[in-house]
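2 protein chains.
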Amino acid sequence: MDILFLGTSAGAPTRQRNVTGLAVLAEQGSDWYLVDCGEATQHQLQRTPLSVHGLQAIFITHIHGDHCYGLPGLLAGAGMSGRKAPLPIIAPAGIAGWLKATQELTELFLPFELEFIAVENMQGWTDGKLHVQATKLSHRVPSFAYSFTEARTESVLDIAKLRAEAIPQGPLWGRLKNGEDVAHEGQTLRSSDYLTYPHTARRIVVGGDNDTPSLLHEVCATAQVLVHEATYTTDIAEKVGARVQHSSAADVATFAADIGLPNLVLTHFSPRYQYDSAQSPSIADIRTEAQAHYHGQLFLAEDFARFRLHKNGELSRVEVL
Amino acid sequence: MDILFLGTSAGAPTRQRNVTGLAVLAEQGSDWYLVDCGEATQHQLQRTPLSVHGLQAIFITHIHGDHCYGLPGLLAGAGMSGRKAPLPIIAPAGIAGWLKATQELTELFLPFELEFIAVENMQGWTDGKLHVQATKLSHRVPSFAYSFTEARTESVLDIAKLRAEAIPQGPLWGRLKNGEDVAHEGQTLRSSDYLTYPHTARRIVVGGDNDTPSLLHEVCATAQVLVHEATYTTDIAEKVGARVQHSSAADVATFAADIGLPNLVLTHFSPRYQYDSAQSPSIADIRTEAQAHYHGQLFLAEDFARFRLHKNGELSRVEVL
Numbered sequence: 280m281d282i283l284f285l286g287t288s289a290g291a292p293t294r295q296r297n298v299t300g301l302a303v304l305a306e307q308g309s310d311w312y313l314v315d316c317g318e319a320t321q322h323q324l325q326r327t328p329l330s331v332h333g334l335q336a337i338f339i340t341h342i343h344g345d346h347c348y349g350l351p352g353l354l355a356g357a358g359m360s361g362r363k364a365p366l367p368i369i370a371p372a373g374i375a376g377w378l379k380a381t382q383e384l385t386e387l388f389l390p391f392e393l394e395f396i397a398v399e400n401m402q403g404w405t406d407g408k409l410h411v412q413a414t415k416l417s418h419r420v421p422s423f424a425y426s427f428t429e430a431r432t433e434s435v436l437d438i439a440k441l442r443a444e445a446i447p448q449g450p451l452w453g454r455l456k457n458g459e460d461v462a463h464e465g466q467t468l469r470s471s472d473y474l475t476y477p478h479t480a481r482r483i484v485v486g487g488d489n490d491t492p493s494l495l496h497e498v499c500a501t502a503q504v505l506v507h508e509a510t511y512t513t514d515i516a517e518k519v520g521a522r523v524q525h526s527s528a529a530d531v532a533t534f535a536a537d538i539g540l541p542n543l544v545l546t547h548f549s550p551r552y553q554y555d556s557a558q559s560p561s562i563a564d565i566r567t568e569a570q571a572h573y574h575g576q577l578f579l580a581e582d583f584a585r586f587r588l589h590k591n592g593e594l595s596r597v598e599v600l
Numbered sequence: 280m281d282i283l284f285l286g287t288s289a290g291a292p293t294r295q296r297n298v299t300g301l302a303v304l305a306e307q308g309s310d311w312y313l314v315d316c317g318e319a320t321q322h323q324l325q326r327t328p329l330s331v332h333g334l335q336a337i338f339i340t341h342i343h344g345d346h347c348y349g350l351p352g353l354l355a356g357a358g359m360s361g362r363k364a365p366l367p368i369i370a371p372a373g374i375a376g377w378l379k380a381t382q383e384l385t386e387l388f389l390p391f392e393l394e395f396i397a398v399e400n401m402q403g404w405t406d407g408k409l410h411v412q413a414t415k416l417s418h419r420v421p422s423f424a425y426s427f428t429e430a431r432t433e434s435v436l437d438i439a440k441l442r443a444e445a446i447p448q449g450p451l452w453g454r455l456k457n458g459e460d461v462a463h464e465g466q467t468l469r470s471s472d473y474l475t476y477p478h479t480a481r482r483i484v485v486g487g488d489n490d491t492p493s494l495l496h497e498v499c500a501t502a503q504v505l506v507h508e509a510t511y512t513t514d515i516a517e518k519v520g521a522r523v524q525h526s527s528a529a530d531v532a533t534f535a536a537d538i539g540l541p542n543l544v545l546t547h548f549s550p551r552y553q554y555d556s557a558q559s560p561s562i563a564d565i566r567t568e569a570q571a572h573y574h575g576q577l578f579l580a581e582d583f584a585r586f587r588l589h590k591n592g593e594l595s596r597v598e599v600l
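If you're matching them up, the sequences are chains G and Y in order. The opening position of the first sequence corresponds to residue 280 in the working numbering, with each subsequent residue numbered one higher. The opening position of the second sequence corresponds to residue 280 in the working numbering, with each subsequent residue numbered one higher.
Calculated from the structure, these hints are not laboratory results. Take the hints with a grain of salt, since some may be wrong.
Intra- or inter-copy, both count: the list cannot distinguish identical chains.
Said to hold, decoys possible - Pairs of lysine to any residue, SDA-like flavour, derived with a Cα cap of 25 Å: (1) LYS363 <-> HIS410; (2) LYS518 <-> PHE388; (3) LYS518 <-> HIS410; (4) LYS415 <-> LEU494; (5) LYS415 <-> PHE395; (6) LYS518 <-> LEU579; (7) LYS379 <-> LEU393; (8) LYS379 <-> LEU389; (9) LYS408 <-> ALA380.
Build out the structure end to end from the sequences listed, making use of the hints.
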């Protein structure tokens, strides 16, 4: 499972960072999932290997423009590219209303169906490859995290058990490996009794805007990775005031340390933080603050940075653009 | 008067061209006017010297997304930059409805007022520097051209007349030059009687999407520059079919030749035309087709190309980004 950042700036773009967008990529093939779609996400996609034809679903965390103003253009572009497959959009209900108004008032006719699912009522979503679950967060408007859990994990035959039960090696083993229940010496051997899963299902949690990271306690307990906003360092968060309902680097890092999270990726940085660490304030200040509280593996997102969650639960940055 | 292209691609962006946006710049100072606002216009502006604080008004030619989907983000960004001045938006009535829906459904609160003027009913707009007039075009949805005419042209004293009437050189001449009526030897000398205008008011006409350039006949008669879409070459226009209601390079060039237009700038090229002239079809094909019909000064727009309309009516490309 990979994640590829399309935008990492809060509120407004900078010359180095677009507003929020994140692609979650399935293990194999060209399937991918989009979380949030700030303005110019379609422009960012033109600089990646991702195609609108491989897009399986869109998840929107909340209605603020820096997380959704790229939707009309992305959908129009997908239409012009000849997409025909229905497209699920899991989002706060207001997004459905806004896209409907947009389609009507700008005469946007799409050659594919939009399947809206209001996240407020969603019990879970799956396409058979990933299970997605929503968790309510705390922000100025209703905001949600999405957790992506792989649906299938690779199975291997339990050779020791097969040998202990003297089940003869050969085609029969192959059929059990393929999930088939097999008649053998008057008994039915159930495939599921002879398969084991050497790695647990991977889970990546992607938060929306949120001032209370501990709301993710339960869903993060079995996650290897949390992607969360860290809009400010504490000093600037205090100047801006609590009404904006964002998290500081310290807030998120403290939460991640408390639950023993192995991998934390911070994103959604206020545009005031300079890319260049020689300037002040800079993104490096956010890293420094987070490191003071969290000693797991910490990454700060950048546009087009791609990370891979390996089967063993390790997260590493990959350079495959 | 300058024009600065922010986007020159039709329908969808390419890696070299954004969707439509054009800045018209006043003669002096930081005042400017925006014609159309495709998605990521605010991103493009970050690569120019233009500021949202100098933006005097926005003109939208028609409701199609590639001409307006950048509006919500541009307005949100202007709000975050602390703009307080009211902002006139001259646009088809549907744009007002769409922006109202967008503000409500995405909780976009702006610290400045939007002053909507429905172009369908507009008799003309001015800020004292430029007069703007709208002309209805022919497209799949109501579409308009905007003509920008300078309101004041620089005056000079009619020295010959002053001398012929023996009006003594000195402070009195200066007052007449400044527009003041002056008492002199029992008479009132009217400033307007002693001022002449060595150059005519400059006019730039910026078309929206349009399949009938001749609709601009009247407004172009006193214009030095027409900026017009040339979405296709004739061969591809015929394949696509007339239902899209765009102009070919030949259509626009023939019109410009017929009326003796001195300067023609083509833009809004279908993304299928390659930037690289070694590829096919390429933007160079559009130039070749236009040149076969029009022998005035022809330019093909590029993103960030800036052109200056000089007082003598000449248009030249300037490199001042």
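Structure-inconsistent hints, enumerated in ascending order: 3 and 9
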